[in-house]
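Trainee: Could you build all of it, start to finish, from the sequences and the hints given here?
Residues per chain are reported as follows:
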Amino acid sequence: EPEVTQTPSHQVTQMGQEVILRCVPISNHLYFYWYRQILGQKVEFLVSFYNNEISEKSEIFDDQFSVERPDGSNFTLKIRSTKLEDSAMYFCASSRQGAVRETQYFGPGTRLLVL
Amino acid sequence: QQQVKQSPQSLIVQKGGIPIINCAYENTAFDYFPWYQQFPGKGPALLIAIRPDVSEKKEGRFTISFNKSAKQFSLHIMDSQPGDSATYFCAASIGGSEKLVFGKGTKLTVNP
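Chains as they are written, first to last, in this note's numbering: chain Y, 636 to 750; chain R, -8 to 103.
Honestly, the hints are just simulated from the structure, not real lab data. Source: prediction; values computed, not measured. Take every hint as true, because none was put in to throw you off.
Short derived list, chain Y residues pointing at chain R, Cβ under 8 Å:
1) 666
2) 668
3) 677
4) 680
5) 683
6) 690
7) 693
8) 726
9) 739
10) 741
11) 743
12) 744
Far from chain R, by Cβ distances over 10 Å, these chain Y residues were calculated:
13) 646
14) 654
15) 655
16) 657
17) 663
18) 664
19) 686
20) 697
21) 699
22) 700
23) 713
24) 716
25) 719
26) 720
27) 722
28) 749
We treat Cβ as the ideally placed atom computed from N, Cα and C, and that holds for glycine.
Mentor: Below, the structure is given as structure tokens:
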């Protein structure tokens, strides 16, 4: 069964550093998402992406965040200057079509720790 | 208003028991209510979902009950098994939006 994959599984970085989290969505999916989950908190939507454009974003997704589909398989989340409060599990998801009636398939997550 | 409140935070049942997880919302624009199951080290996976035009949906041992007037919905797991031990998240979304709004999750433990 096709799966969303994410790398790395864990990343530790210093405050102020840039990090790039990588995702490989399911191959025939067209819509891509990033969510995050701060330890002990709920899963929060960050951004959705379709046709090389952001289609929806939350208030969390400020100028420090960016997303990109650099090639036909990868989908990345960049945090330009990490803050302590960016420490969280980041989940990538993908779906065949947009709107949540189409199942969003989640990857296993990248645990980011900002020191 | 964009919140989904989930309870309990954790739940322990014996094998064969029927754990019930509850969620409540305020925003009447929500029109899609999925439940996700998450095992350690894995991402959330869609378990079952319901729309507000039905009061109940059953898939195997999993049932969603939906009370539109009370703005509440719940997940029941019949004949629970140790393999059902996981964290369960309720979620909601508004039509036309790609954004899922999640509850805080319930850690379910089913003892043998």
